[in-house]
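S.K.: Sequence:
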Amino acid sequence: LYNRLTVFATESISGKLRAEVEISTNTYDLVDLFYSKQSEIRKLIFIILTDKVMSEKITAIGANLINDIPCDYQIWDIDRLHKLVDIGSGNEPIEINLDSFIKNGIPCLEASSVDIDHCKCYLCVLPGTILADIYDVYGSRLLEGNVRAFLSARGNVNKTIRSTILGDEKNMFFAYNNGIAATASEVSLENIHNQPHLLSIKNLQIVNGGQTTASLSNTRHKDKASLEGIFVQMKLTVVNDNEIAGVLIPKISRFSNSQNKVSEADFFSNHEFNIRMEKISRRIFAPASPGAQYETHWFYERARGQYENAQSKLSVAEKKKFLLVNPKSQKFDKTMFAKIDNTWRGLPHFVSKGAQKNFVQWASIIIDEWKNREGSFNDLYFKNTIATLVIYNFLNKKILKEKWYEQGYKANIMTYTIALLNHLIKNQYSQMVLDRQKIWQNQKMDVMLESVLLSIAEKVFYFITDDKRTIINVTEWCKKAECWDKCKNLPFTFPKDFEKILSYVVDVESDEKASLKTRKMQNGIESQMEVLEYGVDFWKKVVDFVGNIYDTQNKRTFLDPKEWSILKTTLNIERGTAPSEKQCAVILQVLKKVRDEGFKE
Numbered sequence: 378l379y380n381r382l383t384v385f386a387t388e389s390i391s392g393k394l395r396a397e398v399e400i401s402t403n404t405y406d407l408v409d410l411f412y413s414k415q416s417e418i419r420k421l422i423f424i425i426l427t428d429k430v431m432s433e434k435i436t437a438i439g440a441n442l443i444n445d446i447p448c449d450y451q452i453w454d455i456d457r458l459h460k461l462v463d464i465g466s467g468n469e470p471i472e473i474n475l476d477s478f479i480k481n482g483i484p485c486l487e488a489s490s491v492d493i494d495h496c497k498c499y500l501c502v503l504p505g506t507i508l509a510d511i512y513d514v515y516g517s518r519l520l521e522g523n524v525r526a527f528l529s530a531r532g533n534v535n536k537t538i539r540s541t542i543l544g545d546e547k548n549m550f551f552a553y554n555n556g557i558a559a560t561a562s563e564v565s566l567e568n569i570h571n572q573p574h575l576l577s578i579k580n581l582q583i584v585n586g587g588q589t590t591a592s593l594s595n596t597r598h599k600d601k602a603s604l605e606g607i608f609v610q611m612k613l614t615v616v617n618d619n620e621i622a623g624v625l626i627p628k629i630s631r632f633s634n635s636q637n638k639v640s641e642a643d644f645f646s647n648h649e650f651n652i653r654m655e656k657i658s659r660r661i662f663a664p665a666s667p668g669a670q671y672e673t674h675w676f677y678e679r680a681r682g683q684y685e686n687a688q689s690k691l692s693v694a695e696k697k698k699f700l701l702v703n704p705k706s707q708k709f710d711k712t713m714f715a716k717i718d719n720t721w722r723g724l725p726h727f728v729s730k731g732a733q734k735n736f737v738q739w740a741s742i743i744i745d746e747w748k749n750r751e752g753s754f755n756d757l758y759f760k761n762t763i764a765t766l767v768i769y770n771f772l773n774k775k776i777l778k779e780k781w782y783e784q785g786y787k788a789n790i791m792t793y794t795i796a797l798l799n800h801l802i803k804n805q806y807s808q809m810v811l812d813r814q815k816i817w818q819n820q821k822m823d824v825m826l827e828s829v830l831l832s833i834a835e836k837v838f839y840f841i842t843d844d845k846r847t848i849i850n851v852t853e854w855c856k857k858a859e860c861w862d863k864c865k866n867l868p869f870t871f872p873k874d875f876e877k878i879l880s881y882v883v884d885v886e887s888d889e890k891a892s893l894k895t896r897k898m899q900n901g902i903e904s905q906m907e908v909l910e911y912g913v914d915f916w917k918k919v920v921d922f923v924g925n926i927y928d929t930q931n932k933r934t935f936l937d938p939k940e941w942s943i944l945k946t947t948l949n950i951e952r953g954t955a956p957s958e959k960q961c962a963v964i965l966q967v968l969k970k971v972r973d974e975g976f977k978e
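Residue numbers (this note's numbering): 378 to 978.
Just so you know, the hints here were simulated from the structure itself, not pulled from any lab data. Treat the hints with care, as some may be off.
Quick list of simulated restraints, FRET-style, between CB atoms [to be verified]:
| id | residue 1 | residue 2 | range |
| --- | --- | --- | --- |
| 1 | G723 | N749 | 17 to 25 Å |
| 2 | E751 | N474 | 35 to 43 Å |
| 3 | E605 | K536 | 29 to 37 Å |
| 4 | N444 | G953 | 52 to 60 Å |
| 5 | K601 | E399 | 32 to 40 Å |
| 6 | V702 | Y515 | 20 to 28 Å |
Cross-link-like lysine-lysine pairs, in silico, DSSO-like; alpha carbons within 30 Å at most [as the list claims (entries may be wrong)]:
| id | residue 1 | residue 2 |
| --- | --- | --- |
| 7 | K734 | K836 |
| 8 | K708 | K787 |
| 9 | K414 | K601 |
| 10 | K497 | K579 |
| 11 | K836 | K787 |
| 12 | K775 | K730 |
| 13 | K690 | K705 |
| 14 | K917 | K959 |
| 15 | K815 | K708 |
| 16 | K760 | K865 |
| 17 | K601 | K420 |
For every residue, glycine included, the Cβ atom is placed at its ideal position computed from N, Cα and C.
Starting from the given sequences, assemble the full structure and let the hints guide the process.
M.R.: What follows is the structure, given as structure tokens:
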């Protein structure tokens, strides 16, 4: 099967098949793509998918070259596919056999004098060619634990890395570069010539130094640069406890980046709120805007560089398709999310303090609300936020063209205008709110609303620049709660039929309840799946652990009687009876308590 694939690729690249395949077929398009883009192909991956089980005798398939293009051969059998689905992350675990990249692996030094619970640290020096080779194979999967993805070669840091690789001082790369910090769940070592060598690494994540890693690969490919003589230092922290790893690795990522220019917004990337919003943004299609023939995504960039990284390995045709579905005009990040959400919450004075200060305040609000009502952060919440963003984008374009506008303070005018609109509607239409779902459905606003917004924006402009303001500097004035309090008292009369673009509060609350119910159902299903995935043997150990420290005389334990009773329902899994979704939610909370008491899997 691989020979057939190899022959097809070889004959396509050489151009022989172009004369033999019917030009009107899809096959010809593929053959022509191989031939016309052969100089841009970095790697060929040949995959066999099968619903059978691969023989255990097959351990590795030798590498090959087609016109100097490296080839990778993979068999995905039913067992491998099952493991992929069972993980739930959508990615196969990264298991790197270093011996396949460099003979005898990589020499290392164990930092044995560093006494750290649940983890070990190693120091080593990687040849630049090896680090680039590993990145070529595993790509951005190595950077999933990073607070930011590769930001292309346009950033100042990446330009410096590139110039060092291409310049006369490439042998100074080790001295100039900070190196990389990485984490792993497991490593295998062997003493070779009385020196420990890393032979394999499981679940490698580069938490600091992603730009260095990607730049080495990128420069080698695009600039045809040699990486010989380039070395990179690596600090590898191995965390072998999965529960602790979830807490420890984000901290390692944060602290290892704390001396770099990484904003506070980047450190909020891995919060469950952001992960959910990212998933929703990739799943939900916005209705086609007027004149368009296709639906699109509003691309939420949870970590900086995701948008560009998603396109980095696409062909020209694939990139064109990606941009049609994910237009750049509909990309937004965490700081914009914070700006929009806090504006609608009636906090324009916080928004006026600047992106980072506003973000920090917004993040604290989200973290608190997530604890108490995480179900409210659902599809409806995302759509309403996008509706507010549509309003914001409208003002951003139109204010510049208004006769009353004088250059300056546009950001302050926009946030105060939207916040004031919401406030005025609440005051003058006590039983109604702006129908943001209608804006979402149309992907634009009603003409009447557009006119109202510009009228309010004009009032806001004259208000914040009024000579009677208590602080001379307009920007500083807009940051004060006093400014917002006085702005709320501005007189404004809505057009006669304005209520036509509003919704009744009871209808909105009904939609919110329905959306909340859907989210709770999704959470319940996810909780039940997690409990079942642990298996009955695991729960027997948990029950035994609690039972052994149970005070039989006074019937006391760190669990209350209800929790203890619900925990024991996990033993019924063996008989085919699963705990209910509500019970599973309690069981997972109990598991956290049990782990806090010292339970180890």
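S.K.: Does each hint hold? Answer for all of them.
M.R.: Here is what the structure says about each hint:
1. G723 - N749: 17 to 25 Å: Check passed, 19 Å falls within 17 to 25 Å.
2. E751 - N474: 35 to 43 Å: Hint holds: Cβ distance 40 Å, inside 35 to 43 Å.
3. E605 - K536: 29 to 37 Å: Violated, at about 22 Å.
4. N444 - G953: 52 to 60 Å: Given a distance of about 57 Å, which is inside 52 to 60 Å, the answer is holds.
5. K601 - E399: 32 to 40 Å: Check passed, 36 Å falls within 32 to 40 Å.
6. V702 - Y515: 20 to 28 Å: 26 Å, holds
7. K734 - K836: Given pair K734, K836 holds - Cα atoms ~26 Å apart, limit 30 Å.
8. K708 - K787: Between K708 and K787 the Cα gap is close to 21 Å, so the pair holds against 30 Å.
9. K414 - K601: 17 Å, holds
10. K497 - K579: At roughly 14 Å apart (the allowed maximum being 30 Å), K579 and K497 satisfy the hint.
11. K836 - K787: 13 Å, holds
12. K775 - K730: 23 Å, holds
13. K690 - K705: 17 Å, holds
14. K917 - K959: 20 Å, holds
15. K815 - K708: Holds: K815 and K708 sit about 21 Å apart, inside 30 Å.
16. K760 - K865: 26 Å, holds
17. K601 - K420: 15 Å, holds
Checked against the numbered hints given earlier, the structure breaks only hint 3 and satisfies all the rest.
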